[in-house]
Amino acid sequence: MSILVWAEHDNAALKDATLGAVTAAGKLGEVHLLVAGAGVDGVAAQAAQVAGVAKVLVADDAAYGAALPENVAPLIVGLMAGYDAFVAPATTTGKNIAPRVAACLDVAQISDILSVEGPKTFTRPIYAGNAIATVESSDAKLVITARGTAFAKAEATGGSAAIEAVATTGDAGLSSFVGAELAKSERPELTSAKVIVSGGRALKDAETFAATILPLADKLGAAVGASRAAVDAGYVPNDYQVGQTGKIVAPEVYVAVGISGAIQHLAGMKDSKTIIAINKDEDAPIFQVADYGLVADLFSAVPELTGKL
Amino acid sequence: MKIVVPVKRVLDYNVKPRVKADGTGVDLANVKMSMNPFDEIAVEEAIRLKEKGAAGEIVVVSVGPQKAQETLRTALAMGADRAILVQTDDVVEPLAVAKLLKAIVEAEAPGLVLLGKQAIDDDSNQTGQMLAALTGRPQGTFASKVEVDGDFVNVTREVDGGLETVRLALPAIVTTDLRLNEPRYASLPNIMKAKSKKLETKSPADYGVDITPRLTVLKVTEPAQRSAGVKLADVDALVGKLKELGVGA
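First to last, the sequence lines map onto chains V and H. Numbering-wise, the numbering used here puts 95 at position 95 of the first sequence, and it's gapless, one number per residue. Numbering-wise, the numbering used here puts 3 at position 3 of the second sequence, and it's gapless, one number per residue.
Bound conformation, chain V alone (with noise of 0.2 Å):
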């Protein structure tokens, strides 16, 4: 099988989350990288180096360069001719263009796989995981976005793959980019870090939350996340959420401060390999799968904590 794999980037550089899903498509067959942008010469020689990828195609134009589906669907669709499989990172992204490629080729996707058990079957969470399917497709083609947590990441250097740029479908003239708030932060990015620090509603405002959350952070060289209620509050940006329908993260150390629980936020982080909770309800669901719980209020705890470390 020959498997075409959807490069995550910015136009500058390569995203991590593009890594996990080449050991998903690994598995499958063969790994083309698509990398589609404008400028993205850069990219290219970045995909060029990871691990286990055959070729690197490269679709440069500038209706690109903000990957709408509008008009990368139809480049991918266009090259799925060629193709046995489509795999893309479960991000935003990834789940903007797969859906329309997979209707365009008439197939039924399989989001956010976890495993691949065989050519055509693998296993996804349901109901928020609190259950996992395992599916079959009977489709002659695959369309599948790949959990990134779910899969190791490949070496993103080692490979020495062709690069070949391919014919653009330019702009289809349905939408148009206006901007971007991107969140800047010298912290590492949820979604790749070792260590999360997590606050939730019980840390009162965004000023209390940054003065209380942050410096713990630092000391530990984390990534900060929180749980939805801290983001309907308004601490934290919406970027920062932890669970189903936020960012889905496995770090080595997930810290969560404040955080009940919530069957929604558990199905984000229970992936990770160490979960330490601090609560001052003794009862709160997050106990239930935290390794290291301490029953304390976390306005004294957490200080006093980042004063320790």
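FYI, nobody ran anything at the bench for these hints, they're computed from the structure. Any given hint could be a false lead.
Using 25 Å as the maximum straight-line C-alpha spacing, the simulated PhoX-like pairs for lysine-lysine come out as follows [claimed, not checked]:
no.	chain 1	residue 1	chain 2	residue 2
1	H	K52	H	K2
2	H	K231	V	K308
3	H	K241	V	K308
4	V	K184	H	K145
5	H	K241	V	K270
6	V	K219	H	K231
Covered stretches of chain V, as calculated for chain H (at least 3 residues, CB under 8 Å) [unchecked claim]:
no.	segment
7	85-97
8	128-139
9	177-187
10	232-239
11	243-252
12	267-281
On a predicted model such as this, the values are computed, not experimentally measured, just so you know. Here a beta-carbon is modelled for each residue, glycine too, at the ideal position from N, C-alpha and C.
Use these hints to put chain H onto chain V, whose structure you have.
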């Protein structure tokens, strides 16, 4: 401008799903079912657009069993005008739903289709994007803000890095994220009024759509469970554990 809002009847989000002992799926017998929360947000957004004068008629559509009528009545009680149930007891995958919706969109010619970004049962996150593909129209997924501007709609989307805004030519498909709005509760008079609103029942065959599933579910299992660990006595004990884990040392 007419708005079509597809809605799905799903296990209520407060109910903990239980995997059936025979591994064929999740037990839905005698449990509370409700409108998919993301779809509720879509209904609310359509009503707000209508209240602002940006939209005319709101048509809600569901594909599912006869009981999905209840879900449609809920949407009518919130403020939608008319409902269509494409009735089937079969498993309907997102691709088949998108094909049925395409037929309805062709008949109704809405300016906007608003729907939830995913259903909380199968978590597929596909139907809106597939409908956009099949109708050849633009898509604004994971919306946290929707502004109709003449022949265009500006959609602010929740993306991994933060927010981004796209401008789409109407007609367009928009899928809703959590922070777009907070859906209203239907008032009792509106619940009564909804009973007399028109609800039309159709079948997939009426639209000439083959809904045969493409995926076979081989089994459904419980996820690996984590067991509760230990409670630590104080902050010093936690500092010790963090050092053992090699962080913060």
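Status of the hints after comparison with the structure:
1. K52/H - K2/H: Roughly 14 Å between the alpha carbons, so the hint for K52/H and K2/H holds.
2. K231/H - K308/V: holds, 19 Å
3. K241/H - K308/V: holds, 13 Å
4. K184/V - K145/H: With a Cα-Cα distance of about 22 Å, the restraint between K184/V and K145/H holds, given a limit of 25 Å.
5. K241/H - K270/V: holds, 19 Å
6. K219/V - K231/H: holds, 23 Å
7. 85-97: holds (count 6)
8. 128-139: holds (count 12)
9. 177-187: Since three or more residues must qualify, the claim that chain H covers the segment 177-187 of chain V holds, with 7 doing so at under 8 Å.
10. 232-239: holds (count 4)
11. 243-252: Coverage by chain H holds for the segment 243-252 of chain V (4 residues, Cβ < 8 Å).
12. 267-281: Since three or more residues must qualify, the claim that chain H covers the segment 267-281 of chain V holds, with 5 doing so at under 8 Å.
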